[in-house]
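Visitor: Using the hints provided, position chains U, R and L relative to the given structure of chain Z.
Number of protein chains: 4
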Amino acid sequence: MPLTPDQRAEIEAARATAQPTLRAVSPGMEAHLYRAHEVLDHGFIRVIDYMGDDSAIVQAARVSYGAGTKHVQNDEGLIRYLMRHWHSTPFEMCEIKLHVKLPVFVARQWIRHRTANVNEYSARYSILDREFYIPAPDQLAAQSTVNNQGRGDLLSGPEAARVLETLKRDAAQCYDDYEAMLSQDGQQGLARELARMNLPMNIYTQWYWKVDLHNLFHFLRLRADHHAQYEIRVYAEAIAACTKDWVPAAYAAFEDYRMGGTTLSAKAMAVLKRRLAGEAVGQEDSGMSKGEWREFVEVWG
Amino acid sequence: MPLTPDQRAEIEAARATAQPTLRAVSPGMEAHLYRAHEVLDHGFIRVIDYMGDDSAIVQAARVSYGAGTKHVQNDEGLIRYLMRHWHSTPFEMCEIKLHVKLPVFVARQWIRHRTANVNEYSARYSILDREFYIPAPDQLAAQSTVNNQGRGDLLSGPEAARVLETLKRDAAQCYDDYEAMLSQDGQQGLARELARMNLPMNIYTQWYWKVDLHNLFHFLRLRADHHAQYEIRVYAEAIAACTKDWVPAAYAAFEDYRMGGTTLSAKAMAVLKRRLAGEAVGQEDSGMSKGEWREFVEVWG
Amino acid sequence: MPLTPDQRAEIEAARATAQPTLRAVSPGMEAHLYRAHEVLDHGFIRVIDYMGDDSAIVQAARVSYGAGTKHVQNDEGLIRYLMRHWHSTPFEMCEIKLHVKLPVFVARQWIRHRTANVNEYSARYSILDREFYIPAPDQLAAQSTVNNQGRGDLLSGPEAARVLETLKRDAAQCYDDYEAMLSQDGQQGLARELARMNLPMNIYTQWYWKVDLHNLFHFLRLRADHHAQYEIRVYAEAIAACTKDWVPAAYAAFEDYRMGGTTLSAKAMAVLKRRLAGEAVGQEDSGMSKGEWREFVEVWG
Amino acid sequence: MPLTPDQRAEIEAARATAQPTLRAVSPGMEAHLYRAHEVLDHGFIRVIDYMGDDSAIVQAARVSYGAGTKHVQNDEGLIRYLMRHWHSTPFEMCEIKLHVKLPVFVARQWIRHRTANVNEYSARYSILDREFYIPAPDQLAAQSTVNNQGRGDLLSGPEAARVLETLKRDAAQCYDDYEAMLSQDGQQGLARELARMNLPMNIYTQWYWKVDLHNLFHFLRLRADHHAQYEIRVYAEAIAACTKDWVPAAYAAFEDYRMGGTTLSAKAMAVLKRRLAGEAVGQEDSGMSKGEWREFVEVWG
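Protein chains in written order, with the numbering used here: chain Z, 1 to 301; chain U, 1 to 301; chain R, 1 to 301; chain L, 1 to 301.
Please note: incorrect hints may appear among the correct ones.
[Said to hold, decoys possible] Below 25 Å or equal to it, Euclidean Cα-Cα: the simulated DSS-like pairs (lysine-lysine) are:
{"#": "1", "chain 1": "L", "residue 1": "K168", "chain 2": "Z", "residue 2": "K168"}
{"#": "2", "chain 1": "L", "residue 1": "K168", "chain 2": "U", "residue 2": "K273"}
{"#": "3", "chain 1": "U", "residue 1": "K290", "chain 2": "L", "residue 2": "K273"}
{"#": "4", "chain 1": "Z", "residue 1": "K290", "chain 2": "Z", "residue 2": "K273"}
{"#": "5", "chain 1": "L", "residue 1": "K273", "chain 2": "U", "residue 2": "K267"}
Treat the hints as calculated values from the structure; they're not laboratory data. Bear in mind the structure is a predicted one, so any value in this text is a computation, not a measurement.
Next comes chain Z alone, as it looks inside the complex:
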């Protein structure tokens, strides 16, 4: 359970005090502000602030293209046009700030997206809480036999139980020892910047993460994808749900052109064109490697 009663009270207090503003307001996003959306066993995402809405994207585009955009009948059509033609700068004019609580091994994957601002809880200054990610049984999967970085079948009963037991025991042991090394009770107490190294990577950390909408979409495309590791995907999905309420038109265009779309190589285009012309094409006369062909067939049959 990620939130204490105190935290819930603090959120409710923050949500009780609306103030007038002249800025663009997204009603869908106001409903999310500060509220914690629970993710995994102890994590959450919370929208702390946002800048702009669908109309802010359109407004920025009209600055760029001046009279050139007048022929597009409506905002939604213009947003779709911008997304289709990879015009990234109008989407950069919206910004979101999130408070995220997440396991360290997820944070390490997340931080590879560099075009964002991050303020992470520092275990050099402060002591981390005793909270570890322990997978739910329906996520306890074996190594994939076909994919070097994927998961295969769920672990069967006794092995699953052993793994859960191991993860819990090691986390508890390491945290007990972390506390014991830090303790100043009858001893000097190890420096926090050193003691933290004893913590396993399923411990939870937290950060503020601020990103513009264009880079957020890039993050979501990679991390809400079904190839992404489950433990980061559930964060991406929770953020995607908020984004849909924040900028509904931009999100719909993103779903159509990015999440739901695909890319084709020159070779794949040639195969599709031959098939459309009635020709049967197999891997051996496609010009593709076996791996490429397997991925192509997954989509196109």
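Guide: Relative to chain Z, chains U, R and L alone:
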């Protein structure tokens, strides 16, 4: 005069419709929203949106440093501490979006600050207005004789008059020809993406510019500095005035530690320490070059 | 003619002095080093330095994926795999540094690619040369009637002649006046940082531009595309030719997956699947707007 | 001992095969190429590639400033001038690529420097080695009593022994369990992307890290500073030593203006000026807080 009556009416309309929000609100910045601050002869800056305030900086810092920040008594003290120790990420948690109208040669200097989002009016799509920057007489300066990139004395009367006359005449001629080449009256009309090349660099363009507070401070330090070219400095000063109303505590720290402060090389520190110990030190025994020494003496006598 | 005999001699001298190095060497790129590839009427690109080659991409990928990459038989296959799955970081491990001479209006489009390092010739410090881009007759096109940002038919004889005459006359006039304002002969001489504003945007500037291979590919995809403005496209094509010799395997993958490939929206995928199943689908039952459908039909008939 | 005999042989092989190049060559850096500089108990840094040298900085600056740089007599003087006036782009024209082996908790601090390219070993694809950082006894320090993020005195004998024992035991236990969960011997074997979460943060990872010289200097200023945590500082120092051999003039300027220099706030400048004028100034009439004053006195007495 940068704003038409229509534009003024549009701004007043936008300012008339406050909506409730749960986000952090900066009253000082609300007073600036959408209003045009006139700069140079036809330019302006307008705040279109902002995210965060002084308390948002503190809030982000407390996520990072946890209990470690509790000993700092108040927000202003913490902000000063963060600025003094070059903690940049809490300042990145605030964001500003501006609408700027500016001459192209200023835009070219401005864009060198890469960590920002920009949407510029496109002369490929649209036709630029007939508006050119013509310096006021008190800015019509000769090349500096000591500084390769600076200005020296003001031009004296007849030369000044000649320069103003030249700038106006060439701008008018080039714009007349721009229009004539674009015209589809009795001819095909040159493509806009080509015709624009005939325009001189004192023509005005406009853009939306979005930047976080940390990078804005970096911009202001370089561009509001008295070494900056006058024509960009006046933009920086107008933005600085808004920033002061937006995040007064952060701006005060910026003024003390960055704008009003200085850096010392190891050699300069050694000279000051010798002087504090009562020693007279000249350039020849300072270890500095003549150029360094001249700059040192400007500050320290 | 962009190069003087002195410059040619300087390049030959630089090319005469090979030194031993232990770094990765790309023989294809060594042949380009320092040589000017002429672009437009006075411009050029020159490769000044490079880091890495195809094998450096593979080497970086193998650090990431460890034993996981061993099953890929060869370097070319791994490079294709990385490109297909949007693994950008191994391509970021190569870097190129170019010297480019280009018209200002092209430079303004180019600089929108922010993830690069740029050192531009400063007209605040120095005086620009009298060199202007004047389009060749086969590039003197009318505004497109269907595309707000494109070119249509070539201008016919008399109009074309008028345009060329105008461009040359205005450039000459503005430059004459630039020189006259700068002159210190019998007058003080206007500051260079001011005088430059009188120059039209077809004047040539130059810069050093340094970028990693991933971001270079992104630049090439947008700027070597047939939708790009001709005047930047010829630069992109000249750089692409060097890149092909530098990292042949990566460039081949880029051509197949990016330049020669395409993206499909969810709606476009659905239409193709229906067509592959033998159904005839038109715009009205495609779910696409007229604009989207027109673009779809251009590719798929 | 970070390197196996095989690795040493591989490095010697790579160092045996010099090839001719026309690029700028830094003899000081060639001597470092591929060689591992050992850091901590199992870590290292190795220079894999570099671009440019001192003269490349000067060359880029002369493109920017044209004739404006001719008055500076020599390259070293120009480099000092550029560093003194915060001209960052010429330094961005040099690039370095490193192979680094480092504990995860150090990697997490390092990655906060976002303007760099990184390729990290992926524990999703591959299995990490059994190598953990265990501090040497002379680094086993207590929490500082005056600084929330610092170290105080060394731990005394029995406590130090307990800590070392704990760190080793927990690392061994967690790694044994990591292996046991991964094992496919008589069981399915947990997915690698899950098993890795059981590893403590003193385990070693490795990455390729590529950065330009300007951003490298920024990294070194923060991480080679005596306030930096020891475990990252030793990496920064090893890189600094290579950088000194790579670009000796730029490194000397960096040492004088950045590492060895200091910054003064407006208040600190005022105090120094009053002291230089013979006045005795204390905290209470300095305008500084107690914290600022303490830091000021540390430098200026």
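Visitor: If you draw a straight line from the CA of K290 of chain U to the CA of K273 of chain L, is it 25 Å or shorter?
Guide: holds, 22 Å
Visitor: K168 of chain L and K168 of chain Z: Cα distance at most 25 Å?
Guide: Cα-Cα ~19 Å, so holds.
Visitor: Hint check: K168 of chain L vs K273 of chain U, CA-CA at most 25 Å. Holds or violated?
Guide: Violated. K168 of chain L to K273 of chain U sits at ~48 Å, over the 25 Å cutoff.
Visitor: Mind checking the alpha carbons of K290 of chain Z and K273 of chain Z for me, to see if they're no more than 25 Å apart?
Guide: At roughly 20 Å apart (the allowed maximum being 25 Å), K273 of chain Z and K290 of chain Z satisfy the hint.
Visitor: Quick one, are K273 of chain L and K267 of chain U close enough, alpha carbons at most 25 Å?
Guide: Status holds; Cα separation ~18 Å.
Checked against the numbered hints listed earlier, the structure breaks hint 2 alone; every other hint is satisfied.
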